[in-house]
Structures are given as structure tokens and as C-alpha cells.
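*Asks:* Protein sequences appear in the order of chains F, B and D. When we follow the working numbering, the leftmost residue of the first sequence carries the number 32, and every step to the right adds one. When we follow the working numbering, the leftmost residue of the second sequence carries the number 350, and every step to the right adds one. When we follow the working numbering, the leftmost residue of the third sequence carries the number 2, and every step to the right adds one.
One should not assume that every hint holds.
With the C-beta cut set under 7 Å, the calculated list includes, among others, these residues of chain D facing chain F [unchecked claim]:
#: 1; residue: 58
#: 2; residue: 67
#: 3; residue: 124
#: 4; residue: 128
#: 5; residue: 143
#: 6; residue: 235
#: 7; residue: 238
Honestly, the hints are just simulated from the structure, not real lab data. Bear in mind that the values here come from a model prediction, so they are computed numbers and not experimental data. Just so it is clear, CB atoms sit at the ideal spot from N, CA and C, and this is done for glycine as well.
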Amino acid sequence: MTDKTTSGAGWSRRRVLTTAASGVALAAASGFPMPAVAQARKLTYWGGLIFSEDANNLLVEAINAWGAANGVETEVVMINQNETTQKVSAAVASNTMPDALDVGLDLMLLLARQNQFILLDDVYNKVGDAHGGWYDGPARATDTTSEVGGRVGVPFGVNGNLLLRRRDLLEPAGFTEAPKTWAELAEQAAAVNAPPVYGLGLALSNVGDANVQVNVMQSYGGRIADDEGKKILLDSAETREWLTWLKGAWDKGLFPPGVTTWDGAGDNQAYLSGQAAFIANTGSVGIAARNDDPELFEGSAFSPLPAGPKGTISPITPQSRVITTGSQMQDEAKALVEHLSNPEFMNAYFNVAIYGPVLKNQEQLQAFDGSNSILVGLLGLAQNGTAPAYPDVYNAAYADFSSNFTVPKLAQRVVVDGWDFDRAIAEAVEQGQAIYNKY
Amino acid sequence: MADLNAHAGERQNRAAAMRLNLFAYALVIPVTLLIIGLVGYPFFFAIWVSFTDQVIGNVGKFIGFTNFAYLAGTSTFWAAIQNTVVIVVVTDILKLGIGLGLALLVHQHFPARGIFRSILLLPWAMPAFVAFLTWRVMYQPIGGRINLILTQTGLYPHVVDWLGQRHTAMGSVIVASVWRGFPFWFIPILVQLYSVPEEFYDAARADGANPWQRFRGVTLPGIKQVIIVPTLLSSIWTANAFEHVWLLTQGGPSDATMVFPVLAYFGMQTQRIGEAAAVSVYMLPALGILVIFATALMMRDDEQ
Amino acid sequence: MSTQALGTVEEQDRRSQALARRKLIIGRVLTYATLTVAVLLVAFPIYWMIITSLKLPREIYRVPSLWPKVFTLDNYEKLLADGGFLLALRNSFIVATVVTIVSVVISSFAAYSMVRFRYRFRGFIGRIILFAYLTPASLLFIPISIVMAQLRLGNSLVGLILVYLTFSLPLSTWLLQGYFRGIPRELEEQGLIDGHSRLGALVRIVLPLSAPGLAAVAIFTFTGAWNELLFALVLITSESQRTAPLALNYLITSDVLPWGPLMAGAVISSVPLMILYFIAQRFMVAGMTAGSVKG
Numbered sequence: 032m033t034d035k036t037t038s039g040a041g042w043s044r045r046r047v048l049t050t051a052a053s054g055v056a057l058a059a060a061s062g063f064p065m066p067a068v069a070q071a072r073k074l075t076y077w078g079g080l081i082f083s084e085d086a087n088n089l090l091v092e093a094i095n096a097w098g099a100a101n102g103v104e105t106e107v108v109m110i111n112q113n114e115t116t117q118k119v120s121a122a123v124a125s126n127t128m129p130d131a132l133d134v135g136l137d138l139m140l141l142l143a144r145q146n147q148f149i150l151l152d153d154v155y156n157k158v159g160d161a162h163g164g165w166y167d168g169p170a171r172a173t174d175t176t177s178e179v180g181g182r183v184g185v186p187f188g189v190n191g192n193l194l195l196r197r198r199d200l201l202e203p204a205g206f207t208e209a210p211k212t213w214a215e216l217a218e219q220a221a222a223v224n225a226p227p228v229y230g231l232g233l234a235l236s237n238v239g240d241a242n243v244q245v246n247v248m249q250s251y252g253g254r255i256a257d258d259e260g261k262k263i264l265l266d267s268a269e270t271r272e273w274l275t276w277l278k279g280a281w282d283k284g285l286f287p288p289g290v291t292t293w294d295g296a297g298d299n300q301a302y303l304s305g306q307a308a309f310i311a312n313t314g315s316v317g318i319a320a321r322n323d324d325p326e327l328f329e330g331s332a333f334s335p336l337p338a339g340p341k342g343t344i345s346p347i348t349p350q351s352r353v354i355t356t357g358s359q360m361q362d363e364a365k366a367l368v369e370h371l372s373n374p375e376f377m378n379a380y381f382n383v384a385i386y387g388p389v390l391k392n393q394e395q396l397q398a399f400d401g402s403n404s405i406l407v408g409l410l411g412l413a414q415n416g417t418a419p420a421y422p423d424v425y426n427a428a429y430a431d432f433s434s435n436f437t438v439p440k441l442a443q444r445v446v447v448d449g450w451d452f453d454r455a456i457a458e459a460v461e462q463g464q465a466i467y468n469k470y
Numbered sequence: 350m351a352d353l354n355a356h357a358g359e360r361q362n363r364a365a366a367m368r369l370n371l372f373a374y375a376l377v378i379p380v381t382l383l384i385i386g387l388v389g390y391p392f393f394f395a396i397w398v399s400f401t402d403q404v405i406g407n408v409g410k411f412i413g414f415t416n417f418a419y420l421a422g423t424s425t426f427w428a429a430i431q432n433t434v435v436i437v438v439v440t441d442i443l444k445l446g447i448g449l450g451l452a453l454l455v456h457q458h459f460p461a462r463g464i465f466r467s468i469l470l471l472p473w474a475m476p477a478f479v480a481f482l483t484w485r486v487m488y489q490p491i492g493g494r495i496n497l498i499l500t501q502t503g504l505y506p507h508v509v510d511w512l513g514q515r516h517t518a519m520g521s522v523i524v525a526s527v528w529r530g531f532p533f534w535f536i537p538i539l540v541q542l543y544s545v546p547e548e549f550y551d552a553a554r555a556d557g558a559n560p561w562q563r564f565r566g567v568t569l570p571g572i573k574q575v576i577i578v579p580t581l582l583s584s585i586w587t588a589n590a591f592e593h594v595w596l597l598t599q600g601g602p603s604d605a606t607m608v609f610p611v612l613a614y615f616g617m618q619t620q621r622i623g624e625a626a627a628v629s630v631y632m633l634p635a636l637g638i639l640v641i642f643a644t645a646l647m648m649r650d651d652e653q
Numbered sequence: 002m003s004t005q006a007l008g009t010v011e012e013q014d015r016r017s018q019a020l021a022r023r024k025l026i027i028g029r030v031l032t033y034a035t036l037t038v039a040v041l042l043v044a045f046p047i048y049w050m051i052i053t054s055l056k057l058p059r060e061i062y063r064v065p066s067l068w069p070k071v072f073t074l075d076n077y078e079k080l081l082a083d084g085g086f087l088l089a090l091r092n093s094f095i096v097a098t099v100v101t102i103v104s105v106v107i108s109s110f111a112a113y114s115m116v117r118f119r120y121r122f123r124g125f126i127g128r129i130i131l132f133a134y135l136t137p138a139s140l141l142f143i144p145i146s147i148v149m150a151q152l153r154l155g156n157s158l159v160g161l162i163l164v165y166l167t168f169s170l171p172l173s174t175w176l177l178q179g180y181f182r183g184i185p186r187e188l189e190e191q192g193l194i195d196g197h198s199r200l201g202a203l204v205r206i207v208l209p210l211s212a213p214g215l216a217a218v219a220i221f222t223f224t225g226a227w228n229e230l231l232f233a234l235v236l237i238t239s240e241s242q243r244t245a246p247l248a249l250n251y252l253i254t255s256d257v258l259p260w261g262p263l264m265a266g267a268v269i270s271s272v273p274l275m276i277l278y279f280i281a282q283r284f285m286v287a288g289m290t291a292g293s294v295k296g
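Isolated chain F (complex conformation) (with noise of 0.2 Å):
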């Protein structure tokens, strides 16, 4: 893949090194001691493959000049993010997963609860305090401390969904602001509704993005569960505004086709191909289109979620890196997780990643300073997002429940089917209840 430069970040591997090696000296300092000994095990590190070519290599770099600076033979795998739960899955059963690895918070909640990951509360508090400390959002989402009785991962950057829109479409028609309620968006949306573009690109599918349904219908009011994460709380008036809302925009034909049975690409694609005018992105298509296609690039514009009336569910997701209970090298691993905290290697990897910052002192960092559209939403949403499934619990059966795309399959019965709100609804309050029920 051709190189690309990244502006700014002057990253290179002089400095890589520079940071390794003072790595080291801060693991020193810190308490961390290096084994004296030249290990001849090796530490294997999962990296979390992500779109940006140029992120998956400098964390690689980044793990194995550590490792050369300090002794410790290393082996970096990337992993597709994709298939990341099944070879996670694999690996738990057979025993071969590696020293440590990045996971979203899912598969982090999944397997802690599982204990298939140490506690990392002194690596966490380290890190916290020498960085002005952690935003709240990360926080409180990682915090494992009830279910397991301590912080299993320590986050390194946040992810979620921002709005992404065609400027050049919605300026021309008057919009020069970003929608601020989800009932502004189907007005913004209506006004360039003009096939083949289509104003609403949001997925209704059995696939991830479809879950921002849930969000939407969150920031009616309306919820999925109760307080202790035990009974359905579906059947609401809230959830009822949320259909009419849905189903308005869908009867005003504001839905590209095919969004019923999108994949998770199937919102870029239409992004990318000037279907849609808005869609909900995590950022991967801005970096796709800065790199493919400047002209849509330079037309589009990141903002925050709509509102809804009783406010903006914007939920953030942290990723983290963890090790693992089987480990042998777990001392050696805390001293690499504490290492890619530095400010050097994630002022280098924020600015070719689609990450927002979790560390009070990480928005001073030159990746946020306002030159990047992208990061400038995604530090936003660190500063504003909500917890993930906020304010639902986030259990184990609301994650089951999210992994079924029952919302999703409601949206789907009232505007595949014909279904009317009652009958929908009453078949999501079933299936979620048998679900809640497992647990």
C-alpha cells in the first residue's frame, strides 16, 4: 500500500524508538521492574485491525519497538475486527489466546464476566493520574469493578456514531446547521430527498448500525428495560412516538432502498455512492472519502447525533486493551499497556484512527486541535457522549438482546410488514422477555 504521510503527526521511527525508550524509563520509575532476566518467552499482542492502514502499522511498530527495547521478544497479529468474536471465541475454547489483546467493550464485558482477563486497576489508576485523568464516559462504561470486583481493561480511545451529512446538497436548500432533533433531521432530509439521493441513510437491518434505532427511540424516552435490567419496558408511549417518527419518514420515502437488509457497509456504500445524504458513520467513511473521493469529502460534515425530546443518547464505546488470565507474561504485559498510553504514540495514532481521546490531557494533544473535522466530532462525543445503552443497564441480556437486533426486527415488522405499532411491539416485548428471561 503506498505510503501515506500523515500531516502533523511527524511520527517516524526515530521517535517511535525515543518513546520506547523512554518507555522504559517511565516503567522504571513507575514501579513496573523489568524482569532482569532476557525472557525467552514471547508476548503476543492482538491488535485490533481498523480501517486505517496507517494506525494498524504504527501499532505494531509501536509494540515491537517496545519489546526490543526492553528485552521482550514480541508477535503482533492483527485481528479483523470483523471475525474478532469468532477467533476470540476459538481461542478461549482452545486455550491459545494471546498475553493481550485490544477488544470493544461487547467482547470485553462478555469475557470478564467469564474471568478470562486479570484485573488492571493499578495499570488503569497509573495511567489516569498521570494523564489528567479519565473522561467520565470510559469510566464509568468499563467499569468492571461490580461484575468481576475490579477494572479488567484500561480504554485507549472511544468510538461512536456521528452524523455525517452532505453539506453540498443541504446548504444549497437552506440548511447551513446541522439538524439538532431527529424530527429536524427528516425535515433536512425531505428537502433533498431527490432519487436517486435519498435523505435517510440509516440502516434498518439486522447489522450494528441498525442499533442506532435504539438510541433514537431512547432519546424519546422510551426504553428497553427497567432499572435492574429485568423487565421489558417496550411497550411505552415513548417507544410508540418513536415508530411514528419512523414510520413517517419512511412512508415520505425518505429511506434509500435496500435499507432493510443492509450490511454494515451498506450505509458507506450509499454514503459513498451519493445515495444518502445523511447517514450515521463512525468516522471510516470521512477517512475513505478524504482518501478516494476529496470532492465528496470537502462536501460533507460531521455533527453529533440529533436530540430527541427528552435529549441526545449518543452512545460512546471505548476500546481497551486487556490481558489475559492465562497469560505468563502478565508483568511484562502491564508494562506494554501502560507504554501505549504515552502521549507520543497516541498523538500518532490518533490522527490516522477514527478514535476519540480518553484522557482529560489527550485534548491537548495536536491530533485534536480543530484541523481534522473528524477527530474535532469524535472528541466532542468523548466529551458528551452517553454511556453505552444508557439509560438502559448494560447487562448481559441487553447485550444479547442488542446481538438479536430485536429493535431492529420491530423496525423492520412495521415498515416490511405493514405491521401495525401494537402487534410489532407486542412480538418485541415477547422476544425480549424470553431473552431478559436466559438471565
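Start from chain F and add chains B and D according to the hints.
*Replies:* Relative to the frame of chain F, chains B and D by itself:
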């Protein structure tokens, strides 16, 4: 004297028969061992796990039929039964028809038939996920090839959402699946056609048989024998196949194309392997019967 | 009857010949026409794949068309540049070849045994090996990865070969059974009388006559092993051990699909298969060698 000789003869016969038997067994041992060793454990593991509440990485408790009851209580499950049967039966019939038809066509003598034959194997020359991703893009409502051709040639000026509508979703999945799978029928049938000596056809022609009678008398009997294996295996594989539905529609819209393997996948996503296994175990009886029946059919002809 | 109404015998002949020829031509035209249509339908998605691999990313998304506006070999260059993909192709080649050869040998033995001999567990064994297919791969991969880990064959091509063998053998065995049944016993009897051992009869007489069946089995096995993704994904961790489908799959890193390189990779990866098909289909039509049936 004669008696002794007779006994010796008998003993020799028995010894020879035993050697023959051993030889026969020796030939099948590698296959059997490999299969039992590598698949036996997973197979019984899957059955066992379906009766537990196991989450991956932990030990599961025996919970009897709870997983099965839970699954049977969801409307998705019943949709899956119907759709799986429909997909298997319809794709089998279509693949048989297309495979047979194409084989008959290609069987004739004409120049460049080698190229035709090779081109017809193309749907196989790529991994399944590439094939179905390609079909997904082709089915795209706007800019997808199929709609492009329909609108540009004026055959049908409106945009059709092939995958997103209930009444076209299943058909679209079936078309893509048949496209991908027909070589599996095409090849055995073609080989069978070529193994019928030309003399049989000549004899039939000399007897005054017309093409249809020739087909029924000479071609068809051989084909009946040879399509049992593709039918059996194609049915099992289609029933167990995941990508053709997942990559095109993820089981939607609204469960219109939900099939058992996709249902099992949802279970796996939350690491609840007990649930996922229960889905597969539901399918086992039907598939098992299919296997027993088809193999009986194949082996019965041996007795003649 | 009066010959005038029917014409002379020669005229009758000529007319019937002309009729026959017309039927032949019509038949030919129909055959060609149908075949062309079939080939077009079959090859159309392939055509789309090829032209997509020759387009720039922006054009792929923004300008859906049946012919590239700008041809580019960028996608191919990107893919082949880092060498990883070529390595993956090599790995696939090794795995598929070994699986095919071993599979053909073992399944020939097994099929021969199940067709020519009678013994107690014949039916049982035949059925058991088919049970390999009853559980879907999306469930099977967990226990198999456990087994592989215990055999220390995780993350190795050998492990993959073993797994692929397990799934190709039942198919090969049953397919070959069908073809072996079609070979008259007399030929082997003849061979035995001529002094061959049973094994020799198998190798020297049955196998050559089943060349078409063997070609078909080779096609199925090689294709299956070459294109398999799920087990490769789960068992292989290092980049150096990746197979071609895995390398292709790794091009998809998130929710934006790199169509250009992906299609380019798919095209490249299908070339060895096409070569195999072309070679194998020659054997498929070898048929029974003339003369062997006529005593």
C-alpha cells in the same frame, strides 16, 4: 484322501476370504479413523452442549431442553424452518435442472466446447464470500448491475429493491445460491454422460428411437444413479450454509430469509454455544434421515 | 402406388437428407444460442468482478457502469506489492494440492473397498463418514479448534490440511463409489487372472478407467480446499500462514469495503482454479477407452 483335499480347499477358501476382508477393511481404515477422530468428538460435543447452558470458556450446566424450548418459542425459529426447507428444495431442483440441461448441451460435439465447459465452472472459482458479496452489489437497488441493465435497456424502468422486500428477497437469495452451486451438479452429470459409450446411442438410434426415447432409455438410467450423491450432499450443505443468506440479507427483511445457520450465528455472537448448538441439533434428525435414506438407495443397487 | 406423387427414390433421399441436415442445423443453432445465453448469465457476475478490479475506487462508487471510464492496474499493484498476497497464494496452493492428492488416494481405496467387497460394517462406515457434514461449520469450528490446539496444530498449514481432508474425504469417497460401480467386474477379474494382485487391479485397471471420476473429485477437492475461509480464519493467526481467501478477507477491515483490491484479489486467486478446471475437464471426457468393453 478326497476329504482331506476338500478340507484343505475349504480352509484355503476361508483364509483367502479372510485376507480379502482384511484388505477391504484396511482400505477404509484411514478414512474412518480420520473422520471419527476429527469430527466424531466435535459432533458429539455439539449434541451434548445443546443440552447445557454453556457460554464459551466456562463449564456449562445441564439444563435439559431449555435451549430447545426457548428457540421454539421465537417466531424467528418457525420462519427458519420454513425458509430452510424452501431454500433447500428449490435450489436442489433448480441446480439439478440447470446442471442437467447444461450438461446435455455441452455433451454434444461442437468446437470450443472445452472453453464453454470451463466458463461454466467459473462460479466456483472464488471463495463463497466473494461470490455473495458480488451478488449483493449486483442486487443493489441503485447502481446495482441488475437494476442498471433493467433500466437502461428499458425492460423495467423502476428501481427494484431485490433484497429488501419480502416478496423478492427469497428469490434473490435462491438465484445467487443456484448460480454458485450448479457446477456441483453439472460436473458429475457431465462425467456420467461421457461415460456412456457411443455404441449404446448408436444401437438405440438403429432401433428407431427418437431423441426423447434415447434420453429416457440410455441417458436417464445412468443419471439417476449419479445424482443421488449431489442431491444428498447439496441438500445437507445448503441446509447448513451460512454465507449465502448472511451476506445477502442477514436473514431479513423481517425474517423473510431467516435460516437455521443464521439463527445459530446469533447464538454464537453472544458466546452462548449451548443455544447455537441447539439450533443445529434441531436439524440433525432431518439431515440424518436424509443420509440414511440416500445411502441405502446407493448401496441397494450394489446387491444386484 | 404412383411414383409420381412421391418422386423418384433419389429425390426422396435428397429430401430426407435435406430435412435431416436442417434439423441438425436447427439443433446446432439452438444449442449454441442456449449455451451462449447460459454462459452470459453465468459469466456476468465474473465480468463485473473483473471490470471492478480495473476501476478506481471513486469510480466504483460514484459511476456504476458496465465499462470502466478509466482503466487502472492500481488495485493489482497494491495487492501484489507487499508480497503478503503472493505468499498467501503459495500457501493455498500447497494446502490444496496436498489435500487433493491425499484425498484422491485415500478415497480411492475406501470407495473401492465399499463397492467391491461385502463386509459387515460397510454400510455403517459409509454413513458414518457422511456425518461429517451434518453439523454446520459455524458451530463445528469451536470443538475443532480445541482439538487442533491440543494436537499443537493450530496456526499451521498441516492443521488446515487435516481439517480440509476431513471434509473432502466423504464427498470423494461417495463420488468415486458411483464411478467404480460403473466399471464392469470382468475387467478386474481379467486383471486378476493375468496375475495382478487386488491392489494392482485397483491401480492398474480401475483407476485409469475412472479417470473422469477422479478428475471430478480432484476438481471438487481442490476447489473446496482452495476457497475455504472459516477454518482458515479461526485456526491461522500469523500472516505468514494465511491462505488466499484469508488474505482476501483481511482486506475488509471495517465497514468500508475495498472493492478494487478485493476484486483484483479474487480474480488473481481464481486463475489457478481456472487452469485446473481446463486441464481436468480434458480428463473428464476421456471416458472408457474404446476396446476395453468389447472383449
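*Asks:* Next item in the hint list is residue 238 of chain D. Is there a CB on chain F closer than 7 Å to its CB?
*Replies:* Holds. Min distance 5 Å.
*Asks:* Tell me if residue 128 of chain D is really an interface residue toward chain F, meaning its C-beta lies closer than 7 Å to one of theirs.
*Replies:* violated, 28 Å
*Asks:* Can we keep the residue 143 of chain D interface hint, with Cβ of chain F closer than 7 Å?
*Replies:* This interface hint holds because 5 Å falls under the 7 Å limit.
*Asks:* Does the nearest C-beta of chain F fall within a distance shorter than 7 Å of the C-beta of residue 124 of chain D?
*Replies:* The hint is violated - residue 124 of chain D has no Cβ within 7 Å of chain F, the shortest such distance being about 34 Å.
*Asks:* Would the hint on residue 58 of chain D be counted as holding, given a Cβ-Cβ threshold of 7 Å to chain F?
*Replies:* For residue 58 of chain D, the interface hint holds, since the closest Cβ of chain F sits about 4 Å away, which is under 7 Å.
*Asks:* Closer than 7 Å between Cβ atoms is the bar; does residue 67 of chain D clear it against chain F? Give me holds or violated.
*Replies:* violated, 16 Å
*Asks:* Given residue 235 of chain D as an interface hint, is the shortest Cβ-Cβ distance to chain F below 7 Å?
*Replies:* holds, 4 Å
Checked against the numbered hints given earlier, the structure breaks hints 2, 3, 4 and satisfies all the rest.
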